[in-house]
Amino acid sequence: MEPMRLRELAVQLDAELIGDGEVVITGAAGLEHAGAGDITFVARPALAGRLAGSPAAAVIVGPHQAPDRPALRVADPYRAFASLLARLATPLDRLFPPGVHPTAVVDRGAALGDGVSVGPHAVVGPGCRLGDRVRLGAHVVLEADVAIGESSVLYPHVVVRERCRLGQRVVLHPGCVIGADGFGYLPGPAGLEKIPQIGIVVVEDDVELGAGTCVDRATTGATVIGAGTKLDNLVQVGHNVRIGRHSVFSAQTGISGSCEIGDGVSMGGQVGLADHIKVGDGVKVGAKSGLHKDVPDGGVVFGYPALDAAESMRIAAALRRLPDLVRKVAQLERALASRPPEKEA
Amino acid sequence: MEPMRLRELAVQLDAELIGDGEVVITGAAGLEHAGAGDITFVARPALAGRLAGSPAAAVIVGPHQAPDRPALRVADPYRAFASLLARLATPLDRLFPPGVHPTAVVDRGAALGDGVSVGPHAVVGPGCRLGDRVRLGAHVVLEADVAIGESSVLYPHVVVRERCRLGQRVVLHPGCVIGADGFGYLPGPAGLEKIPQIGIVVVEDDVELGAGTCVDRATTGATVIGAGTKLDNLVQVGHNVRIGRHSVFSAQTGISGSCEIGDGVSMGGQVGLADHIKVGDGVKVGAKSGLHKDVPDGGVVFGYPALDAAESMRIAAALRRLPDLVRKVAQLERALASRPPEKEA
Amino acid sequence: MEPMRLRELAVQLDAELIGDGEVVITGAAGLEHAGAGDITFVARPALAGRLAGSPAAAVIVGPHQAPDRPALRVADPYRAFASLLARLATPLDRLFPPGVHPTAVVDRGAALGDGVSVGPHAVVGPGCRLGDRVRLGAHVVLEADVAIGESSVLYPHVVVRERCRLGQRVVLHPGCVIGADGFGYLPGPAGLEKIPQIGIVVVEDDVELGAGTCVDRATTGATVIGAGTKLDNLVQVGHNVRIGRHSVFSAQTGISGSCEIGDGVSMGGQVGLADHIKVGDGVKVGAKSGLHKDVPDGGVVFGYPALDAAESMRIAAALRRLPDLVRKVAQLERALASRPPEKEA
Numbered sequence: 001m002e003p004m005r006l007r008e009l010a011v012q013l014d015a016e017l018i019g020d021g022e023v024v025i026t027g028a029a030g031l032e033h034a035g036a037g038d039i040t041f042v043a044r045p046a047l048a049g050r051l052a053g054s055p056a057a058a059v060i061v062g063p064h065q066a067p068d069r070p071a072l073r074v075a076d077p078y079r080a081f082a083s084l085l086a087r088l089a090t091p092l093d094r095l096f097p098p099g100v101h102p103t104a105v106v107d108r109g110a111a112l113g114d115g116v117s118v119g120p121h122a123v124v125g126p127g128c129r130l131g132d133r134v135r136l137g138a139h140v141v142l143e144a145d146v147a148i149g150e151s152s153v154l155y156p157h158v159v160v161r162e163r164c165r166l167g168q169r170v171v172l173h174p175g176c177v178i179g180a181d182g183f184g185y186l187p188g189p190a191g192l193e194k195i196p197q198i199g200i201v202v203v204e205d206d207v208e209l210g211a212g213t214c215v216d217r218a219t220t221g222a223t224v225i226g227a228g229t230k231l232d233n234l235v236q237v238g239h240n241v242r243i244g245r246h247s248v249f250s251a252q253t254g255i256s257g258s259c260e261i262g263d264g265v266s267m268g269g270q271v272g273l274a275d276h277i278k279v280g281d282g283v284k285v286g287a288k289s290g291l292h293k294d295v296p297d298g299g300v301v302f303g304y305p306a307l308d309a310a311e312s313m314r315i316a317a318a319l320r321r322l323p324d325l326v327r328k329v330a331q332l333e334r335a336l337a338s339r340p341p342e343k344e345a
Numbered sequence: 001m002e003p004m005r006l007r008e009l010a011v012q013l014d015a016e017l018i019g020d021g022e023v024v025i026t027g028a029a030g031l032e033h034a035g036a037g038d039i040t041f042v043a044r045p046a047l048a049g050r051l052a053g054s055p056a057a058a059v060i061v062g063p064h065q066a067p068d069r070p071a072l073r074v075a076d077p078y079r080a081f082a083s084l085l086a087r088l089a090t091p092l093d094r095l096f097p098p099g100v101h102p103t104a105v106v107d108r109g110a111a112l113g114d115g116v117s118v119g120p121h122a123v124v125g126p127g128c129r130l131g132d133r134v135r136l137g138a139h140v141v142l143e144a145d146v147a148i149g150e151s152s153v154l155y156p157h158v159v160v161r162e163r164c165r166l167g168q169r170v171v172l173h174p175g176c177v178i179g180a181d182g183f184g185y186l187p188g189p190a191g192l193e194k195i196p197q198i199g200i201v202v203v204e205d206d207v208e209l210g211a212g213t214c215v216d217r218a219t220t221g222a223t224v225i226g227a228g229t230k231l232d233n234l235v236q237v238g239h240n241v242r243i244g245r246h247s248v249f250s251a252q253t254g255i256s257g258s259c260e261i262g263d264g265v266s267m268g269g270q271v272g273l274a275d276h277i278k279v280g281d282g283v284k285v286g287a288k289s290g291l292h293k294d295v296p297d298g299g300v301v302f303g304y305p306a307l308d309a310a311e312s313m314r315i316a317a318a319l320r321r322l323p324d325l326v327r328k329v330a331q332l333e334r335a336l337a338s339r340p341p342e343k344e345a
Numbered sequence: 001m002e003p004m005r006l007r008e009l010a011v012q013l014d015a016e017l018i019g020d021g022e023v024v025i026t027g028a029a030g031l032e033h034a035g036a037g038d039i040t041f042v043a044r045p046a047l048a049g050r051l052a053g054s055p056a057a058a059v060i061v062g063p064h065q066a067p068d069r070p071a072l073r074v075a076d077p078y079r080a081f082a083s084l085l086a087r088l089a090t091p092l093d094r095l096f097p098p099g100v101h102p103t104a105v106v107d108r109g110a111a112l113g114d115g116v117s118v119g120p121h122a123v124v125g126p127g128c129r130l131g132d133r134v135r136l137g138a139h140v141v142l143e144a145d146v147a148i149g150e151s152s153v154l155y156p157h158v159v160v161r162e163r164c165r166l167g168q169r170v171v172l173h174p175g176c177v178i179g180a181d182g183f184g185y186l187p188g189p190a191g192l193e194k195i196p197q198i199g200i201v202v203v204e205d206d207v208e209l210g211a212g213t214c215v216d217r218a219t220t221g222a223t224v225i226g227a228g229t230k231l232d233n234l235v236q237v238g239h240n241v242r243i244g245r246h247s248v249f250s251a252q253t254g255i256s257g258s259c260e261i262g263d264g265v266s267m268g269g270q271v272g273l274a275d276h277i278k279v280g281d282g283v284k285v286g287a288k289s290g291l292h293k294d295v296p297d298g299g300v301v302f303g304y305p306a307l308d309a310a311e312s313m314r315i316a317a318a319l320r321r322l323p324d325l326v327r328k329v330a331q332l333e334r335a336l337a338s339r340p341p342e343k344e345a
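Chains as they are written, first to last, in our numbering: chain L, 1 to 345; chain H, 1 to 345; chain B, 1 to 345.
Extracted from the complex, chain L is given alone in its bound form (with noise of 0.2 Å):
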């Protein structure tokens, strides 16, 4: 970042200045990366220990902390540094130049909006719809009528297949694949038949998706990832999946066909659904569990198979005793054979 005192840093975040406003601040960093020129933020009261061993210049905290060191006190800690990184990431104009790049493919048939940036050997294929401030990395591929709404951004090496429509403020990061073809076959006398995967993906607004995450088209109708959601990378969506807003997803899940997934779900990383699962508002799955029944709204689960995650707690730690218990089985039924029963007394 370019360097800036902290009385202009408190006036950008609309933050109390606490201390030196001179000092020179050159970068932003966690705690646990910030160098000496840094400003961090101690994000909850309780971690204001870790601040003391820190050589960041300052430090933004909330409104119940006493800082040890030059500071900018707001509402939100977190909030603010957030916004701050937003000030120095890399802007979007030096990573998607605007226009269309000689070497891109775009047809003609193609309608592309105000401000559209499409990248080197991009490829838009006929009938394609950008809306404005689209932009297109390197290598992207939209194939046939792919529609694209306002302000969304693709890495480089996204795949879009033919009619699958994305909505607005929509990020997908490199290499993630939409609408390849659902996994559905049909026994025949000579081997496995493909049933035609004709549906497509609807990706809807403010929704992004992370490197390598592949959502399959619908076998009829769409997939359709809701408005909101986050999912991490190399997820992997299956054919005929509704997912709902606001649900967050990490790395690695996996969901199979035909699943409906609520509103404000949360699932770990690694965590695989079978088909037709239907998982509830709210719901929140640890990691890696294998889920192959549904789960009521609010439903908390863990482990494989799933069950409540309080139940499966029990479990894990009464596993820790199962050797044991072997053993002392083994020594009540040595036990018990040397007392004969009441009647044979």
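A portion of the hints provided could be inaccurate.
Taking lysine to aspartate or glutamate and the DMTMM-like style, the derived pairs with C-alpha atoms no more than 20 Å apart in a straight line are [as the list claims (entries may be wrong)]:
| id | chain 1 | residue 1 | chain 2 | residue 2 |
| --- | --- | --- | --- | --- |
| 1 | B | K278 | L | E32 |
| 2 | H | K328 | L | E311 |
| 3 | L | K194 | H | D263 |
| 4 | H | K194 | B | E150 |
| 5 | H | K278 | H | D297 |
| 6 | B | K194 | L | D107 |
| 7 | L | K194 | H | D297 |
| 8 | L | K328 | B | E32 |
| 9 | L | K194 | H | D76 |
Calculated directly from the structure, the hints in this document are not laboratory data. Small disclaimer: the values here were computed from a predicted structure and weren't measured.
Place chains H and B on chain L using the hints.
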């Protein structure tokens, strides 16, 4: 689809017409997604109850079903529906126009069959041989000396490394990587030393590999995917693996090096196999299982570590009683302590 | 390979010739794949029995083996075989011809060392710096200000985002993505708000990363992959992770954000780590394990949730007796009910 009367569709699908043949069909969709103008299908009589609430205009049924609306009767409703979907699918010629796109880079030493399609920015290396009607999507990269059989389809962003061989009618989805180096190192004085991977990958006829799926080249010889086998998205196949014919693996499954998998094997998603495992013909592996030893022909296994599925189910059921069992054993110990052995009595 | 007499090969590999040096060798292959003209190797005396049935023309053996056919004797047969494979591998110059391909897009502000190869349609952004003999395959995309050390090799379709840094002799396999945004959001009034990810990725010398593997950029600071570390295909490394030197992770393993992994750590495939976990030097993690807490130096862990491997094995063994244990405890309860306590006697 082009609107069409039900009686016309009956002729095309060689089906018996039941009821009003003048009904106009404007689309096709599964039971859950069918709208007012759609034709849908009921795969099994057990599902017929779900039809009642559907707005579908018509339905494809099997021999022993009495439909509640205009219908087509066939021997196998799902297969007839699939054949209808095939008529409705986007023609491959729209996705892969015949000919070599002017931006493609095709080495002079490559040999292309009749009717080959090479998409924008695709790269075909020296010594490659493409059979008739092979279709390469945008940005496909074939390294030197790759051979591809007739009518195979490589979607955008597929990479096939040098000397690998694909059979006829192979389908590779976007981002699939064939022939990357196997993962092999030897400990050396300065760290791990790479074992060069000079083998290849052989993908036999009618194989379909999903988006982002990776099949590594062999150290020597070949990694082989047998004819008719279908792998879903983000599957990993290590070096020197041999997979038989007509096997089916779901998404995110991983097969470690030198495994030998039989014919007609099915694996759920996120399954993992340790290296050098032998899996017999017709084996079924439940989702998320972890196999560390061989499975004989016809085996059905599940769990982590994987066991015979019936045993694994019994254990999973018993696990829910484990916390209770811990308590009971403690009670038994206390109770027995209050009953001295016979000889002390 | 070019046909060669065994005595010539003995000279090249600095090996002791045993038996007929005039045998013509036409290829090299592991014991299981070796054909009639091949030379193979026996890594350990325990495997010598398998040699008998092999049609191999010759064999590389260790000090204390008595071969049944013409042979080369060396101190370390596997290493000698690997060095033979290196001679047989396709030369990098055939895969990556020196020079910049005319279809590549190299920004004028990029600096290229001597002997650099830039493949067809590759994109090198402004401010990039490539060391001598760096090789970029077809369709590689380097965003702005990427730095790559000498002799590194990026296979086709690799993406490296802005400002990330690769060391010397780094190898990235097809579809590898370096520097995509880390997965971080804050809850906001209208849904999740993105935390900008302005850090970078640092990949140190001699690192090799597999096909489809994703390493996310840090929120601030750097995600670091230590020198000599090797990650297999489809591995996920979250933001702010630090992996030490000479560690090895198998395919589809996932490391959540801010984990710190030591030197010489080995992980099997499909392992998952929760965020902020610390894993010490020399730790071994069994395949498919799920770690949710720290592991000290030298730890050997396994399972989900992961425990000390020996304990995990005992539990796995005891689990097979669990259904039986449930029955036994029920029997014990019945038996004890028929034996009233002492005081009642």
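Quick rundown of the hints versus the structure:
1. K278/B with E32/L: At roughly 14 Å apart (the allowed maximum being 20 Å), E32/L and K278/B satisfy the hint.
2. K328/H with E311/L: With Cα atoms ~17 Å apart, K328/H and E311/L stay inside 20 Å; holds.
3. K194/L with D263/H: Roughly 18 Å separates the two Cα atoms, so the pair holds.
4. K194/H with E150/B: holds (18 Å)
5. K278/H with D297/H: holds (10 Å)
6. K194/B with D107/L: Distance ~33 Å between K194/B and D107/L Cα, so the pair is violated.
7. K194/L with D297/H: violated (26 Å)
8. K328/L with E32/B: violated (48 Å)
9. K194/L with D76/H: With Cα atoms ~15 Å apart, K194/L and D76/H stay inside 20 Å; holds.
In this structure, the earlier hints numbered 6, 7, 8 are contradicted, and the remaining ones agree with it.
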